[in-house]
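Using the sequences and the accompanying hints, generate a full structural model.
Last residue of the sequence shown: number 281 in the numbering used here, and the count goes up by one each step with no gaps.
No wet-lab data here; the hints were simulated from the structure.
Keep in mind that this is a model prediction, so the values were computed, not measured.
Hints are not guaranteed to be accurate.
[Claimed, not checked] Cut-off 25 Å, straight-line C-alpha distance, at most; resulting in silico cross-link-like pairs (PhoX-like, lysine-lysine):
#	residue 1	residue 2
1	Lys96	Lys67
2	Lys193	Lys96
3	Lys232	Lys120
4	Lys232	Lys193
5	Lys96	Lys120
6	Lys193	Lys67
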Amino acid sequence: MRAGMPSRPINGAKHSWRMLAITLLLALLFGFAGMGEPLEDGLRVARNRILPVAASGDIVILKIDDKSQAQLGRWPWPRSVHSQLVDRLTEANARKILLDFSVQFPMNRDQDRLFAEALKRSKRVVLPAHLVAGRGNGAERANSPLAQFAAHSEIGLISAFYNYEIAIWRLLYGFDDGTRVIPSYASIMAGVKGPAGSSFPINYRIDLDTIPQFSAADVVSGRIAADRLDGKIVIVGAASDNIGDLYMIPGRARFGGVSSRFLLPKPSNAAARYRSAGCRC
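In structure tokens, the structure reads:
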């Protein structure tokens, strides 16, 4: 997957590198001194605000928002709507379609069949698995989609660990369920790999206001031109208080979990510093 081309920070060339150095130094001092997670988090937020970067536009968020529920019905939608959504995105030539909502259980036999057929036609959909504690021994296992859906899809991990303020700072590369390694949604979108069970820091330098976002209702109804989705990675997920799945984006506000899965890893090697598919850094 191609990385975004480098660009200048959003707020211009004149930034206080001294302030950046001070915040990094203080973060190290607080870390060594064990002065508390809240202080460290505050310093991370300050650091990320100094040099924000624009999203590349290669990844598009499709929101299950209040507008979508007003036009398509209250969530959860029948799987006939999921089928329409997958078909629309496939017809628009989306490169990959990641659905950030559970399809673990059957709903209606005919509608489940329609959804499975749409997945088979598309051949580019990623469906979610999430981690749950095992019975009695505390071991983790991954809950996967229905077999009739999984047979025609790639599987990705959507589980995340959050802190005292329901903020997510790190995401897993993937999870080994004993038979296979399930990559995380962020790893799939970024095209990066890492050891199963290990995690990476989220790139909160990306300015959320620069991420292309559309309401799912506008895609289902055909109001979004196909060229705005052509060749894009599209992730579909909740963006409504009525649905839940809301997390704190540090320094901003509560957003749907779909937003944190978009904010891709910060590569650690110097040659690719701060480059990812999700930002033009």
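Lys193 paired with Lys67 [C-alpha distance capped at 25 Å] | 36 Å, violated
Given the hint that Lys232 pairs with Lys120, does the C-alpha gap stay at or below 25 Å?
-> Distance of about 19 Å is within 25 Å: holds.
Sort out whether Lys193 lies within 25 Å of Lys232, counting only the CA atoms.
-> Between Lys232 and Lys193 the Cα gap is close to 20 Å, so the pair holds against 25 Å.
Holds or violated: Lys96 to Lys120, with C-alpha atoms at most 25 Å apart | With a Cα-Cα distance of about 14 Å, the restraint between Lys96 and Lys120 holds, given a limit of 25 Å.
Lys96 paired with Lys67 [C-alpha distance capped at 25 Å] | OK: Lys96 and Lys67 at ~24 Å, within 25 Å.
Given pair status - Lys96, Lys193, alpha carbons within 25 Å | 17 Å, holds
In the structure shown, a violation is registered for the earlier hint numbered 6 alone.
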